[in-house]
Each structure stands twice: as structure tokens, then as C-alpha cells.
Amino acid sequence: GAAAGRVTAFSPAKVNLFLRVTARRPDGFHDLASLFHAVDLGDCLAVERLEGGANASDRLSCAAPGVPTDGSNLVLRALELFRAKTGRRERFSCHLEKRVPHGAGLGGGSGNAATALWVANELCGRPATAAQLMEWSAEIGSDISFFFSRGAAYCTGRGEIVRDVPPPLPLDTPLLLVKPSLGLSTPEIFKALDLETRSKLSPEDLLARMQAEGARQELCVNDLEAPAFSRLPRLADLKRRMAGGGGFDAVFMSGSGSTVVGVGSDEAPAFLAEPGMEDLELFISPARLIMREPGAWYEGPSMGL
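Mapping of the sequence shown onto the numbering used here: position 125 corresponds to residue 140, and the numbering continues sequentially without gaps.
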């Protein structure tokens, strides 16, 4: 437990059940309206409070290739933010086990930052409320605030204005996450976005209808699919084939991609194993939607600890 000075926590990913781009802002960012949901695909973050206080320095280890362990990592930026906001001086040693792929539209790094903030707060005796952690986290990333919701939230602004909503789908709804190795950076996707091609559906209506009708294809709208698919035709093809015969209720890209989500089944369609698909180096994982209890953090499928 926290009293021992060490906590191991599950660091969830998220999917966007719909994502509408509502406006391009004067600062170059875009206003979004999106239904976020935490999922049980996640990483594992172990955090230990170091002796020596301000004389020590934060440490982060992670064996996953391509994950920075220097000050650019959101985990270390979250710990710096925590100290700046609370005046605490503790330093921490962190070990991150990654399962969520990078550049996937699954918010893996954002979840890591949120989990680091939560755990640091626990290890220091909760100097901050969850509402404060939610507010502060927006300073280092747009998607981090979401994770301080209960796990299902309607997010607006750049994503940092978070409104808890009841789970729109049963939590045992099977999901399949399929991510090809190809992808574009989030700024590239937004740059390719043609505001004229966006959905005309009101995001508040999408929210109300999804809560009433479930995940239907016409409701799982993502305005970032058009720019992503225009640059990555094989991603468009992946979605089309999954929607065509995969046995899913709805198929859509999560966030800025490149993960394609199938709702209603977690069986991988046979075509994913066909010759000619190998070069996509597909990451394929079943998933379930998860929530957290007030005052507690998210728990993974089995935590494997």
C-alpha cells in the first residue's frame, strides 16, 4: 500500500466512442466534443517514494523500445507538475511496463501521466483532490484530464473539459482493438482535416442516442477518420473490411488513430491473418470498458502482479 512508500497501479488506455471536431480555434488547436471511455487494455506503473527528498531525482525505467525515459516522458512531467502545484518535495522511482501501443489513439501516454499523478498524490498522503489533479493535468496534455473522471466522460474544449456520464454501453460489451504499425502524428491528421467534410450530427445528440440505442455504426462518428484515411488508404481498407464481415455492431477509428475498434465482438476476423497483411504488423487485443470507484484508481483485468 501507499504507507510502504511503493504503489503499483494499472494505467488504462481509452477509446473515443465518437469524436466530433466542432471548431478550429484562433490558437491553432481544435475544439472537440468526444465520448471517452477507459478500457482494460493498459500499462503497469510501479512508483516508489525515494529517501532523501529534494536531494534525490526522479527516475523512470521502461524496457519498451521507443519509449523515452528522460524528462520528455509524461510520467516525469506529471511528477514535476505535482510538486509545482502542491509544494511537495518528494522524488520518485518509477518502472513502466508498456502494453498499450504508441501512436494508437488509445491515450497510453496520457493514461501514464494521470496514473503517475494519482499515485504520487497517494504516496504523499493525498494533498490534492481528484478535481485538482484533473485541472492541473490539462497543463501537460489534452487527454490526461479524462482519466480523473469515473471512466466514461463527455469531453469538450481540447478534451480537457470533462463531464462524467453514465456508461453508454454495458461494461461487458466485447471490443476488439486492431492497430497497424502505420500511423500519422496527431498534428499531421489535424493538418489534413477538411472542416467541410465533418459530420453534421450534434455531439449532444450523439451522446443521448448512444446512451439510448447503444453503439450503432451511424453514431460512432470520428471526424478524424477522413483525414487519416486520405493519407493512409490501407487504414481505410482495414476499417472497411472489419465493418463488412467482422461480426461487429460498429467499427471506427479511436482518437487520431491508428487503432480501429470493433464493438460487439472480440473475435479477430479471419482476414487479419491472410497473406499480405503481415507487413501491417498488426497489434490485436480484446478489451472491455472499465470504470473506477470514487476515491480509487482503475483496476486492470487481472493486474498480473
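Be careful, since some hints might not be right.
Between beta-carbon pairs, the in silico distance windows are [said to hold, decoys possible]: (1) Gly262 x Glu150: 34 to 44 Å; (2) Gly43 x Asp85: 18 to 28 Å; (3) Ala258 x His110: 32 to 42 Å.
FYI, nobody ran anything at the bench for these hints, they're computed from the structure.
Cβ atoms here follow ideal geometry from the backbone N, Cα and C, with glycine treated the same way.
Taking the hints in turn, this is what the structure says about them:
The hinted range of 34 to 44 Å is satisfied by Gly262 and Glu150, whose Cβ atoms lie roughly 42 Å apart. Look at Gly43 against Asp85: about 27 Å separates their beta carbons, and that is inside 18 to 28 Å. A hinted range of 32 to 42 Å for the beta carbons of Ala258 and His110 is consistent with their spacing of about 39 Å.
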